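Take the sequences, apply the hints, and build the full model.
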Amino acid sequence: MQELKYNEAELVAMLKQRTQSAFNYLYDNYSASLYTVILSILQDKELANDTLQEVFIKIWRQIEQYNPDKGRLFTWMVNISRNASIDILRSKDYHSQKQNRELTENVYNVAGTVNIETDKIGLRKLISNLKDDQKILIELAYFQGYTQDEISKLLNMPLGTVKTRLRSALIQLRGLLKR
Amino acid sequence: MDIKSYIESGIIESYVLGLTTTAETAEVEAMANEHSEIKQAILDFEILLENQANTDLIQPDASVKTNLNKILFTPNLSEKNITSSLFNKVNTAAVHHINLSRYIAAAAIILLVISTCLNFYFYSGYKNSKQQFEALLSQQSTLQANNASYKQSLQMMEDSSMKHIEMKGTPGREQNLATVLWDKNSKDVYLYINNMQQTPAGKQYQLWAIVNGKPVDAGMINDCVGLCKMKKINHAEAFAITLEKEGGSPTPTMDEMYVMGKI
Chain L
6 MQELKYNEAE LVAMLKQRTQ SAFNYLYDNY SASLYTVILS ILQDKELAND TLQEVFIKIW
66 RQIEQYNPDK GRLFTWMVNI SRNASIDILR SKDYHSQKQN RELTENVYNV AGTVNIETDK
126 IGLRKLISNL KDDQKILIEL AYFQGYTQDE ISKLLNMPLG TVKTRLRSAL IQLRGLLKR
Chain Y
66 MDIKSYIESG IIESYVLGLT TTAETAEVEA MANEHSEIKQ AILDFEILLE NQANTDLIQP
126 DASVKTNLNK ILFTPNLSEK NITSSLFNKV NTAAVHHINL SRYIAAAAII LLVISTCLNF
186 YFYSGYKNSK QQFEALLSQQ STLQANNASY KQSLQMMEDS SMKHIEMKGT PGREQNLATV
246 LWDKNSKDVY LYINNMQQTP AGKQYQLWAI VNGKPVDAGM INDCVGLCKM KKINHAEAFA
306 ITLEKEGGSP TPTMDEMYVM GKI
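Each protein sequence line maps, in turn, to chains L and Y. So this note's numbering is basically just the index in the first sequence, starting at one, shifted up by 5. So this note's numbering is basically just the index in the second sequence, starting at one, shifted up by 65.
What the hints contain is simulated information worked out from the structure, not anything from laboratory work. Just so you know, these numbers come straight off a predicted model, no measurement behind them. Do not take every clue at face value.
Claimed, not checked - The calculated DSS-like cross-link candidates involving lysine-lysine, where the alpha carbons are at most 27 Å apart (straight line), are:
1) L/Lys136 / L/Lys183
2) L/Lys50 / L/Lys125
3) L/Lys183 / Y/Lys69
4) Y/Lys294 / Y/Lys252
5) Y/Lys310 / Y/Lys297
6) L/Lys125 / Y/Lys130
7) L/Lys21 / Y/Lys135
8) Y/Lys69 / L/Lys140
9) L/Lys168 / L/Lys183
10) L/Lys21 / Y/Lys104
11) L/Lys50 / L/Lys140
12) Y/Lys252 / Y/Lys327
13) L/Lys75 / Y/Lys69
14) Y/Lys310 / Y/Lys296
15) Y/Lys130 / L/Lys21
16) Y/Lys294 / Y/Lys268
17) L/Lys10 / Y/Lys130
18) L/Lys168 / Y/Lys69
19) Y/Lys130 / L/Lys50
20) Y/Lys327 / L/Lys136
21) Y/Lys279 / Y/Lys233
22) Y/Lys135 / L/Lys50
23) L/Lys10 / Y/Lys135
24) Y/Lys252 / L/Lys183
25) L/Lys75 / L/Lys21
26) Y/Lys135 / L/Lys63
27) L/Lys63 / Y/Lys130
28) L/Lys10 / Y/Lys104
29) Y/Lys216 / Y/Lys252
30) L/Lys168 / Y/Lys104
31) L/Lys168 / L/Lys63
32) L/Lys75 / Y/Lys104
33) L/Lys125 / L/Lys183
To be verified - Residues of chain Y placed beyond 10 Å of chain L at every Cβ, according to the derived structure:
34) Ile169
35) Gln240
36) Thr244
To be verified - Okay, the calculated bits of chain L under chain Y, using three or more residues with CB under 8 Å as the criterion:
37) 11-21
38) 79-87
39) 141-155
C-beta: ideal position from N, C-alpha, C; glycine also.
Written out as structure tokens, the structure reads:
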């Protein structure tokens, strides 16, 4: 992990003073990791950049709502990023844009800049080590934002089974993180 | 509840990753407040994720930071601009385009109004000038006609065959003066009004020739330029003008005689 000049409590206090230098410190130290989270969900660089911008606006405006008793600042920011990304994923614009883009990619694939090997970044890289039935549950729940109830219907699997399998998948994931 | 098995159940991971339901979230938060082991387990997993998130980093576009500094730290940038920042590029282009067409439309309308006003201004000026020109034209033709009449009158006055009979104002009406020009050959009578009082409404001057002591009608005096051509008189001793009712009288009203001249 990179060395940070300020710990989270100091950073939160600085952000609440709403100085531009506090914002730029936050951005310089966290934009890449949040962008990686967003990109692992959206799998589209342009959309991910737009979403990252939206996420930092939300963080900046909602910093008063952050409660350190409930978790770390980073976790809070990741959850904002994930929720914003899933909102984009669910929007109508995303589907039409993705279709257009896929069309363009087929034409200009030679350059290879548009395609990202998202399987090799973030949590997706870890998840590729899991068994397929666990992989799909994390894919649907974490990366696509489906509720366990929705997954149960989607996979025609009892809700209890979904819950148990998802939790065991997450325990596996923790094991992979510890390595 | 067995804290250890709760921690091992996978609920902590679900909570940190944001996969718990609202009820489960509340439950985990309550448990974490009660049991420091649970709080610690949450923190441990958060840090595991955070360390993982800091590997294989991909940098976002530099434009994102520039945009954010612009959006968040430009004074007077309205709420609207912030919410639409996601589609910044497209929107600003559209806004500029709309603004430009608005300016062009506004300029066009202003020019149209000015042009319309000028049209009215020039048209009324043109109308005035035209009226003045026409008035001058008719004045000119009147003057030309008058001039011709005067020229003719002058020629006749200078004609040696014309007899001039000056009629002077009668007592009490001395300011009046008129002249009869009588062609000795053709016996035509012309009248020149040197100076006569304005006739009252409904009245008209009438010229008389005195023939053998009796007045003979020599014609009504109308507004004429220069010399007025009157009736032919073959023989007369004198001429006189009386004021009569409009259209004239068969015999003169003697006490309304204004001028008289003997030959």
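Proximity test - 8 Å, beta-carbon atoms, the segment 11-21 of chain L to chain Y, at least three hits: Violated - the segment 11-21 of chain L has 0 residues with a Cβ nearer than 8 Å to chain Y, which falls short of three.
Is Y/Lys135 within 27 Å of L/Lys50, Cα to Cα? holds (21 Å)
With d taken as the least Cβ-Cβ distance between Y/Ile169 and chain L, does d exceed 10 Å? Y/Ile169 clear of chain L: closest Cβ-Cβ about 32 Å, beyond 10 Å.
Taking 27 Å as the top limit, are the C-alpha atoms of L/Lys168 and L/Lys63 close enough? Given pair L/Lys168, L/Lys63 is violated - Cα atoms ~31 Å apart, limit 27 Å.
With the threshold set at 27 Å, check whether the alpha-carbon distance from L/Lys10 to Y/Lys130 stays at or below it. This hinted pair holds, its Cα atoms lying about 20 Å apart.
Given the hinted pair Y/Lys327 and L/Lys136, is their alpha-carbon gap at most 27 Å? This hinted pair is violated, its Cα atoms lying about 153 Å apart.
For L/Lys75 and Y/Lys69, compute the direct alpha-carbon distance and say whether it is at most 27 Å. holds (20 Å)
Can you confirm whether the C-alpha distance between L/Lys10 and Y/Lys104 stays at or below 27 Å? holds (25 Å)
Compare the distance between the alpha carbons of L/Lys183 and Y/Lys69 with 27 Å, and conclude whether the hinted pair is satisfied. The hint holds at about 18 Å.
For the pair we were handed, Y/Lys279 and Y/Lys233, check the Cα-Cα distance against 27 Å. holds (19 Å)
Starting from L/Lys50, check that the Cα of L/Lys125 is at most 27 Å away, please. holds (15 Å)
Can the restraint linking Y/Lys130 and L/Lys50 be considered satisfied, given a maximum Cα separation of 27 Å? holds (15 Å)
Checked against the numbered hints above, the structure breaks hints 20, 24, 31, 37 and satisfies the rest.
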